[in-house]
Amino acid sequence: MNEVIEPNLGETLVFWICGGLAVVGALGMVISRKAVHSALWIALTMINLAILYVANSAPFLGMVQVVVYTGAVMMLFLFVLMVVGVDSSDSLIETIKGQRVAALLLGVGLTIMLVAGLGAGLSGAGTIGLDAANAADGGNVQGLARLMFSDYIIAFQATGALLITAAVGAMVLTHREYWQPRKSQRELSQDRFTDGGHPGNKPSPGVYARHNAVDTPALLPDGSTSAISIPAPLRARDDARAIDVNDITNVRRLTEGESE
Amino acid sequence: MNTGTFNPPEIDYLAIAPILIIFGTAVLSVLVEAFVGRTARRPVQLVLVIGSLLVALYFVISQAGTRTITANGALVIDGPALVLWGALLVLSLLGAMLMAERTLDPSGDVFAARAAALPGSEDERQFTQRGWVQTEVWPLFLFSVSGMLMFVAANDLLLMFVALEVMSLPLYLLAGMARRRRLLSQESALKYFLLGAFSSAFFLYGASLLYGFSGTVSLPGIAEAISAKPSQGPLLILGMALLVVGLLFKVGAVPFHQWTPDVYQGAPSAVTGFMAATVKIAAFGALLRVMYVAFGGIRWDWEPMLWVIAILTMFVGSIVALVQTDIKRMLAYSSIAQSGFIMLGVIAASAEGLSASLFYLIAYGFGTIGAFAVISMVRQSGGEATSLSAWAGLGRTSPVIGAVFAVFMLSLAGIPLTSGFVAKFGVFAAAIESGDTWLVIAAVVASIIAAFFYVRVIVLMYFSAPAKEPAVVAVPSAFTTIALAAGVTVTVVLGIIPQPLLELVANADVFLR
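Just so you know, the protein sequences line up as chains A and B, in that order. Residue numbering for the first sequence follows numbering that gives the first Met the number 0, beginning at 0 and increasing consecutively. Residue numbering for the second sequence follows numbering that gives the first Met the number 0, beginning at 0 and increasing consecutively.
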């Protein structure tokens, strides 16, 4: 049995501060209604856990926690949230009646059981610390490496299967394939000019003294209306406003009459 | 200080060859996805999958006498592990046959043409029309099988956890890729994933508490720590309870069974059959190993806990199955009830209990995979006819399929001359021998309730007038036919001449520590 190490004051202080902040972060993550806030709270928890790891002579684990979890995974998570939409929040409607109360009671019960059990199990147990384990292989990283490539080599290799599964699964669920070949820039350009395509800007809708709206067609020089000046959806819905010929003659008569 | 010296672990590559073969082929089959043309992929994948399962099975049989602990104590190859490996490989082979079926559904195989296409979209219609197939299911399938093989042979909690995830992750994906009723399928996959991740967290929490108690994650190491510390601390009990929660989730024991009916119903029937048979075997294999090897010394502490769970599981499964109107949901509750019966073998905590559980798992696996093969064949215009009312009169319109399904139902109910009877008799006898008489009485009552709903299906098939829109039995290709024939043959043969398998499992009744 290794000798028992008494924690000094600094270590105790670090534990209570970082441990407390980690718990606050975890609670904040669960209580927050917005996903972004939850993500930031859990980042707080992770950073505090990293500090605790370093304080417990596991610097490698602490660094990995910061670089991989807080740095890469959490930020990726935030990116995804930003893409999906920051505003989306969970529905708080209970679908099963009494579910929340029951979950709360059971959760509190489990917490009491775990805290009481851990308290009873750990009180009186001394601290061993990692110093002896770290010294055995000449350092923290060396010790981890030895374990990873000896006792846990199979588990280490098997995590590769997890990563491949994750990659294949993500591709299967999200990769959109096209069932027809995608058009190249050249084909798109050709399509625009052939088959009665309209290469330039389409005429803008008509703007008159009485009507000034997108559903009013533009007038051509011969007095007829131009159908393509109206957006296609309006045309499809037959929502284009008809031009009353009387209006045109009225306007002409009024303007010519005034000039006389 | 031994800086600079490193003793590489000694790995018995021949002993763990089945794992390596399946694992290697899975990686190879990912490469096939990348480099083989679209039309050639399916045949190449099928050759790889079926070939690798057969080769792995050959290695299991050829070294049936191997008893070794390898890779610095991480993997243990002993009698139970080899029996479970054999069962898992054969049942995976049958599962692969069901998944390869493509004549039952007029629009293609059992999986969505493209899982990424939105359900009901123009893209989906076009992919289906063009007959595209999602061949990525095969590498996922193989990874899942390799995880199962590792799971039942893992001798430390860390490897057991990684194997649990390797086994489960592909299944979460496969459950969400049904060709028909895709929203139901995707919902089931999400539920399975969330609840599975939740239970994994319990497993890890338990493992870390056990590490705190014993200073090791190896199962024999935990057993040593238990015998070295006579006054068991709360750390041990809490750790064990949380660890077992994680395992009981995979087994589908009450109250950790909530995912079962939804996933069984939503997943494609081929995947459901594969998963129902093999995951139960793998999870019980690991549960037996943990309980017998690590916690064998404190069986008085965990037996009451498992007593309660076994009784709850048997009764909730049997009673809720009575009121189901969907055949897949009914079989899901039936699988919950069966978990309760198998737990009698775990609670017995004896060599007889272990071998009886192994026999039960094998009998259950073949019966279940066969039953789901039948379900995938009974169809209506909109796909599989899972509503029980559509099955009315099926025994008269399709006598062969009706009779085959009746055999599976009788076997699950535990009627003599089927494998289910021998299996139930085995676990009941083992439990009585260990002094759990009251538990066996409860189990007998539960199996009488369970028999009622199994027999109800038979009555419905033979003695009811056909439904207004009766289900039709589609003609399957050789794939489903082989799986179905294997399922029904094993079920009947094990019921009439169980002796060879009973001897096999009796020779495999000790875990190597």
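Keep in mind that the hints are not guaranteed to be accurate.
As the list claims (entries may be wrong) - Cut-off 25 Å, straight-line C-alpha distance, at most; resulting in silico cross-link-like pairs (BS3-like, lysine-lysine): (1) Lys33/A / Lys190/B; (2) Lys96/A / Lys182/A; (3) Lys201/A / Lys182/A; (4) Lys190/B / Lys96/A.
Because the hints were derived from the structure by calculation, they are not lab data. In this text, all values refer to a predicted model and were calculated from it rather than measured experimentally.
Status of each hint after checking the structure:
no.: 1; hint: Lys33/A / Lys190/B; result: holds (22 Å)
no.: 2; hint: Lys96/A / Lys182/A; result: violated (53 Å)
no.: 3; hint: Lys201/A / Lys182/A; result: holds (23 Å)
no.: 4; hint: Lys190/B / Lys96/A; result: holds (19 Å)
This entry does not satisfy hint 2, going by the numbered hints stated previously; all others are met.
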